[in-house]
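**Q** These are the residues of each chain, in order.
Number of protein chains: 2
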Amino acid sequence: MVNEAQHTCSASSSSKSDGGSSSGSESSKDSSRCSTPVLDADRHERLREKMRRRLDSGDRWFSLEFFPPRTANAAVNLISRFDRMAAGGPLFVDVTWHPAGDPASDKETSSMIIANTAVNYCGLETILHMTCCNQTRDDITANLQKAKRLGLKNIMALRGDPIGEEWEEEVDGFNYAVDLVKHIRNEFDDYFDVCVAGYPKGHPEAESYEADLRHLKEKVLAGADFIITQLFFRSETFLKFMKDCQAIGITCPIIPGIFPIQGYHSLRQLVKLSKLEVPQEIKDVIEPIKDNDAAIRNYGVELAVSMCRELLDSGMVHGLHFYTLNREVATTEVLKRLGMWNEDPRRPLPWAVSAHPKRRVEDVRPIFWASRPKSYIYRTQEWDDFPNGRWGNSSSPAFGELKDYYLFYLKSKSPREELLKMWGEELTGEESVFEVFTCYITGEPNKNGHKVTCMPWNDDPLATETNLLKEQLEKVNRRGILTINSQPNINGKPSTDPIVGWGPSGGYVFQKAYLEFFTSSEIVTALLKVLKKYELRVNYHIVNVKGQNITNAPDLQPNAVTWGIFPGREIIQPTVVDPVSFLSWKDEAFALWIEQWAKLYEEESPSRMIIQYIHDNYYLVNLVDNDFPLENCLWQVVDDTFELLN
Amino acid sequence: MVNEAQHTCSASSSSKSDGGSSSGSESSKDSSRCSTPVLDADRHERLREKMRRRLDSGDRWFSLEFFPPRTANAAVNLISRFDRMAAGGPLFVDVTWHPAGDPASDKETSSMIIANTAVNYCGLETILHMTCCNQTRDDITANLQKAKRLGLKNIMALRGDPIGEEWEEEVDGFNYAVDLVKHIRNEFDDYFDVCVAGYPKGHPEAESYEADLRHLKEKVLAGADFIITQLFFRSETFLKFMKDCQAIGITCPIIPGIFPIQGYHSLRQLVKLSKLEVPQEIKDVIEPIKDNDAAIRNYGVELAVSMCRELLDSGMVHGLHFYTLNREVATTEVLKRLGMWNEDPRRPLPWAVSAHPKRRVEDVRPIFWASRPKSYIYRTQEWDDFPNGRWGNSSSPAFGELKDYYLFYLKSKSPREELLKMWGEELTGEESVFEVFTCYITGEPNKNGHKVTCMPWNDDPLATETNLLKEQLEKVNRRGILTINSQPNINGKPSTDPIVGWGPSGGYVFQKAYLEFFTSSEIVTALLKVLKKYELRVNYHIVNVKGQNITNAPDLQPNAVTWGIFPGREIIQPTVVDPVSFLSWKDEAFALWIEQWAKLYEEESPSRMIIQYIHDNYYLVNLVDNDFPLENCLWQVVDDTFELLN
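Respectively, the protein sequence lines represent chains L and S. According to my numbering, the first sequence holds residues 191 to 836 in order. According to my numbering, the second sequence holds residues 191 to 836 in order.
No wet-lab data here; the hints were simulated from the structure. Fair warning: there could be bad hints in the mix.
Same chains, same label: a pair holds when it works inside one copy or across any pair of copies.
Unchecked claim - Lysine-lysine pairs mimicking DSS-like chemistry, simulated, CA-CA at most 27 Å apart:
{"id": "1", "residue 1": "K723", "residue 2": "K683"}
{"id": "2", "residue 1": "K548", "residue 2": "K722"}
{"id": "3", "residue 1": "K430", "residue 2": "K736"}
{"id": "4", "residue 1": "K297", "residue 2": "K601"}
{"id": "5", "residue 1": "K473", "residue 2": "K722"}
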């Protein structure tokens, strides 16, 4: 599927999911038979199973650690970062627990909500950290229940750093991570995958390295599924630790925590917190360049790359865990140099899947939200069943209302001032709106010299594939056919096609041409005359803000507009034009005129009234050309319409 | 889908089902959203709705009346006739109620079982007659319950002819059809569509024509949905009757009963029973030729055609009901001359659907039973849900065992002597079995001069489409790859294609190449070596009678091998290769060697031992070429295998 802005945010939690080639699946017979054929393994397996599968297949993997940001704006940015870094194909991300930051609350900066956003809206397999600090046993149970409700399936069980200098005993709580692990297993059985921390140099408070190893083994015996280590500076530190663990019978995966040095101060702070000693050879390099951030980062990348290579070359390490400090560049660079950043991620489906367990069978969505997948997930979060195989099999699609257009994970990345520069400080008529749409399509600056890089319906620049349609899109937008979503027809391209491909390799993908736009009632009248001539070849839905609806769609049947045929699988049809959902999308699409655009201007200002006029009087139109093997006729439909108007 | 023998028995209850073009469907929102997109109307509507839709669209239709046969052999023949006449596209068939013939019993000649076979195994919309004769109120309720359980949805409510000369009052029963109608409505609410009889000349026992009309109105007021009339000899008789009905406020459909005269004696008998008078002008023609059956039938056809034309030309008649007397030629001839016989029936799905209400959403089946659809229906009759949209959505496919290979609706049309002529009075080795398969494919007579027109796995001659593969099939069968099912690959042919098309018009159909055969373990060994080279392009399942199973299919996923893309619809994928069902099919496919073939010979005879040897030692293999846009590679696979063996 191709949309006007989309692929940059096409997050996917897994790098390669053509799991079809593995002959024996770990998932049970029943679940594998009812699941999305493409995605079995990666959507159905729990994290520990995914690790196991990669260990068996010898595929290397990485994971990314983030901490909850301090401000709402930083949260918006972090979510964008999740989306961008998801493109590299992390096996999971984890979100730390900050006892001081109200970590279980519903604030957009809490650990819980950041983890919730990662799993549900960014489709990332996510581990939520949890510590024993400042929590009673009941608090912990309640927070775990909340995490479960939100779709989180993995917990990193930690004691946590002491608030003051020394650990103070928790009343009605736990004083050791092992107790937290036991509690999770007691209260939630096998629901969560549980991770614990390992200390390659021993925990600073432990009596000895050996004693700390024994504590680690206790945590594993209590039910931990795998271990992530504290950072370290030399590969031999980790490799020795790993051998020592194995020697005392720890057999679960142990994942090295990698800390690419990104700056002098962050290093010092971390070292202080973790009570680690920086080796002299590193200090010797860093001290002289301590004010040169770029130089330190380059050195840090270099150091991390060579340490990771040593770890991987040892044959004992398959996965690497990165302490990102919420930054992107250094970690991405290390992964790219290691060849572990997935440059060309295969998309399991043409849209970004959510990682909530409830949604693991979901494999059909209406095309309308293609550029607003987070809004779609938000509006369907209360559904108990998700369409699988066929949209029509789903229960009646009752969409939740989208009242708050300013939810942080739905919010535009651009601030008001920037939007005004793009969309016009002052509008002089409908034509100035046409101009904005046209500039968004062409990528040319507007008359004030600003590029239009987003629209209320598309928060990202035009997708590569829509570029293919650029010339025609420009022409029609200039004349008041204001396009917000489109895809070309495709008659069987390989599923590995870099632009339109998705799903397992060896398959073929197909699309029906789709065009969605706002336009005036004058154009609609002409369009309807033209459409008569196309009969059933073109299906259309035309609706205004009041819900007046004109269509030639048979009954209330959805129309499949994207589908794929794969070796040894059932057909997958991930995108449909559904007449019923279109009416829910209509509300959102019209509201975005007001919420995102009109409200940039003063009340009763001419600019605001122009947008309000369009909102009140234009129609939202979608067209599907059913004859996918022939040349797309939708441009001809539009041309005929303009000709009729002349 | 193309199979070795199939389309002649591809029964479908409706002539044209590209109902997609009608914009408003009568079915409810809910049911239409969850249904098979292609088949909404014709599979979901009740009979009275189908009539209404044809009235609205102006489409003419016909229906066929049959009586239960007297012997089991005649029942087998009648079922074949149902299949053949279904090809012409009747709106429904009806089966009369013979109080003397134990009509509600489980005998294969009972009214109930014949109607059950028509609806379930032949996919025909079916009306079961029921009379008040010899039945208490409780008997009637029990029989209606049984009819409902079997999937019958329509009852023709009659008083019935008196057993003796005059009607004798039924104790605890009903004496008038109107009471039966009321009873059906009281006990079964709106479940059944109820039909009643009209008498264009008045019922012979009625006080007067007018009194009889009033009785008819009472039956309609009591809940009858439509009327079928007694036969008549002049169109004006019916047209007057229809106007008289309308004049007293009967507004439901009134369908003329047409009786093509087929012989002197049958006419006399019918006239006697119905107490009708044959007009003098007809007698004048018939009497002189009363011993010339052909001449009478020709005259009868002529007479029926001209009377039907008058009825249709009146504009008052859209449907014609034929009293077939269980014969085929005259009725078919009349319908063909009227242009109402559907010469080229569009298939709603590539396989023959069942008309049981439980199965109305069914739109996916395993390919294995393609030539034995009745066996598939039999073995799945206990299912509560049928796969819709995706095979994997179905509950675990627990197939009923097929123990009785001699159920009359599954039975071969050919008697033992004929089978022996085709398959060999005496087999001399595996090669003589290869020879039988080869003769079936080529259509050439065997060495004793007999054509092989059926096989244990295919009761009909080779399908037209399989003819396309004839040359290759001949070659491989001659060498011991004993094919029982195959289809070529198709990369998007119009859904209206006369050979491979199905579904609504304006669509495209696709197939993956499929080949299924029995073969020796020696060939299997070579085949497996060859298949390695094809990797995921070719999926295979290889199994012997003991269930030893070799496959490269991912998990237990079904592989869609036939699918269609239609305007304004979701994808339909009616045929899959399902690894789980294959093991149920395997039992049946191997058993047919013994049940249908080996048992033709004496125990311990060499012929029987040869078949037994094949049964015990051969493998059943299926191959799918996933790369449907390329040239079918399965022949290459087989060639490579033979080459490896040389």
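**Q** Look at each hint and say if it fits the structure.
**A** Quick rundown of the hints versus the structure:
Taking the shortest alpha-carbon separations for K723 and K683, only the inter-copy value of 24 Å comes in at or below 27 Å, while the best intra-copy value is 30 Å. For the homomeric pair K548 and K722, neither the shortest alpha-carbon distance inside one copy (43 Å) nor that between copies (38 Å) is at most 27 Å. With identical chains, the CA atoms of K430 and K736 are never at most 27 Å apart, being 69 Å at best within one copy and 53 Å at best between copies. Taking identical chains as interchangeable, the C-alpha atoms of K297 and K601 lie at most 27 Å apart only when both belong to the same chain, with a minimum of 15 Å there against 71 Å between chains.
In the homo-oligomer, the alpha carbons of K473 and K722 never lie at most 27 Å apart, since the shortest distance is 77 Å inside one protomer and 56 Å across protomers.
In summary, the numbered hints that this structure violates are 2, 3 and 5.
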